[in-house]
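If you read the sequences in order, they're chains A and B. Residues in the first sequence are numbered from 2 upward in steps of one, following my numbering. Residues in the second sequence are numbered from 10 upward in steps of one, following my numbering.
To be clear, the hints were calculated from the coordinates, so they are not data collected in a lab. Note that this is a predicted model, so its numbers are computed, not measured. What you were told as hints is all true, and nothing was included just to trick you.
Computed from the model, here is a short list of chain A residues facing chain B with C-beta under 8 angstroms:
#1 K7
#2 R21
#3 K84
#4 N89
#5 K93
#6 P94
#7 I95
We put the beta carbon where it would ideally sit given N, CA and C, even for glycine.
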Amino acid sequence: MKIQTKLKAIALNTFKEAVRNKIFYLLIAFGVFFAMSSKLVSLLTIGNEAKVLKDVGLASIHFFSVLIAVFTGINLVYKEIEKKTIYNILSKPISRSSFIIGKFIGLAFTLLVALVSMAVIFFFFLFISTGELDSGILIFFLLLYMELLIITAISLLFSSFSTPILSSIFTICIYLIGETLWTFNLFKEYLKTPIDKFAAHFLYYILPNLERFNVKSAVVMKTGIGTFHVLNAVLYTAVYITAVLVLAILIFNKREFK
Amino acid sequence: MKALEIKNLKKSFQSNFLIKQFHILKNINLSVEKGDIYGFLGPNGAGKTTTIKCILGIIFPDAGEINLLGKPSNAIESKSKLGFLPEHPYFYDYLTPVELLTFTGQLFAIPKDRLKERTLQLIELVGMKGKEHIKLKKFSKGMIQRIGLAQSLIHDPELLILDEPFSGLDPIGRKELRDIILSLKDNGKTIFFSSHILQDMELIVDKVGIILEGETRKEGKLSELISRSVRNYEIVFTGMEEQAMKENNLDCIPRDKNFILRAETNEETNRLIGLVNRGNGKILSVTPAKMTLEDIFLKEISR
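Let's have the full structure, built from the sequences with the hints guiding it.
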């Protein structure tokens, strides 16, 4: 009971900090703006308007929500250290692991709010433009949320030991690699020595496989997404986040704040 | 049981580029009795904040032992009885005083109703009534310090650690803080605070620990340290001819129409009084000037 109150306090405070920052709203506004600009693109394209709207709109939301995840994840942990508010937290009866877990929950909740607001606006926009309400898009948002959680956990891991600029670069790099992880399997074919092959194989499994969360084409083309695929992605997220957070806690437990 | 006990605390930092180690804390030994106000004194860079960071578990000591209320300082249990005010109180500036106190109270898992009551009580105690719903970023340093003190008291701690609490406060604020510290002592609390403002310390502390270059140089009850030593005697006299003063080699300081003589010892004082009397001077006063904390401090530094 006690630990729950403490975790809730950290999480709620993290959420408050994020939503009281203007950049958070700016990124949401940009996401919405670009999603709506898909209307313009659809006017210039011959073919199915709804498809273009969804394609461009969801891509914009994807891009800006990833930015929000990287920005809030790194900024909020870094600020704690830079502004020395961490001193005060660590002097309280709360363990460092609870701090990291509380931060993660707060960030996850922040992203949920951001994503839900963008989704609601997008659905509304899609409905008045095409009169269509495609429930398949919900799966897109669910899996996008899973992806954002993994990115947040990674940004937390990096900011537990590195500077914000480096953490941002590392996180964005891992995100880009994660989105194109299939290239590792292709690349493996070209490698000669067993050590190289093993390294490529190892990286393929250790880096986050974010492709599995990208179901935009399937949603837009309505080719259908299997329940197994969704469950598999959710399970993968749970395992991956747990592993990354455990690592972040191990590093954070050893860290000294001079 | 001691409120706080530190034995042979050592801490060094390694620079990233040099292999060289910086020994910040070489040998810190302290013992704070329950119910005392303890002054932790040292010049800038002596290791006061580093020691406090070790107590709180913000950094980890290389060697030594720290006990808080009879338990190791890194235990969560010990921290629940500890209140802390950081040197430069950085708090979440997007929160209001009420929000900050509520947040802090939740970290101590204080029940909702009691927390609400306690928050209002503390806001009043630190004189922030009427400003409880303004965001912290709009406050001055002194006001943040007040809120900082309030958050450190939210759970009614047994031991309060204040890092340089007087810096940044105006004279009225300092007086108010002294009063708050004294009233906490009256309620049985132990207060440990670091400072280099000697006057504030002298007025309220029971015991002092002086640290220099990462080592405890002196520790003791203030009353013992100060009363033991009379620094000198000041003899004020008037009516003596200048010629007579010169003849007797009296090294006087003129002040208004009077003269002042200083003597280190009792015998010297008697001798000087005799000389003044013989020169037809009139003794106005003889005052023993007691050693102040500042004298003790300066003496330690110059050693």
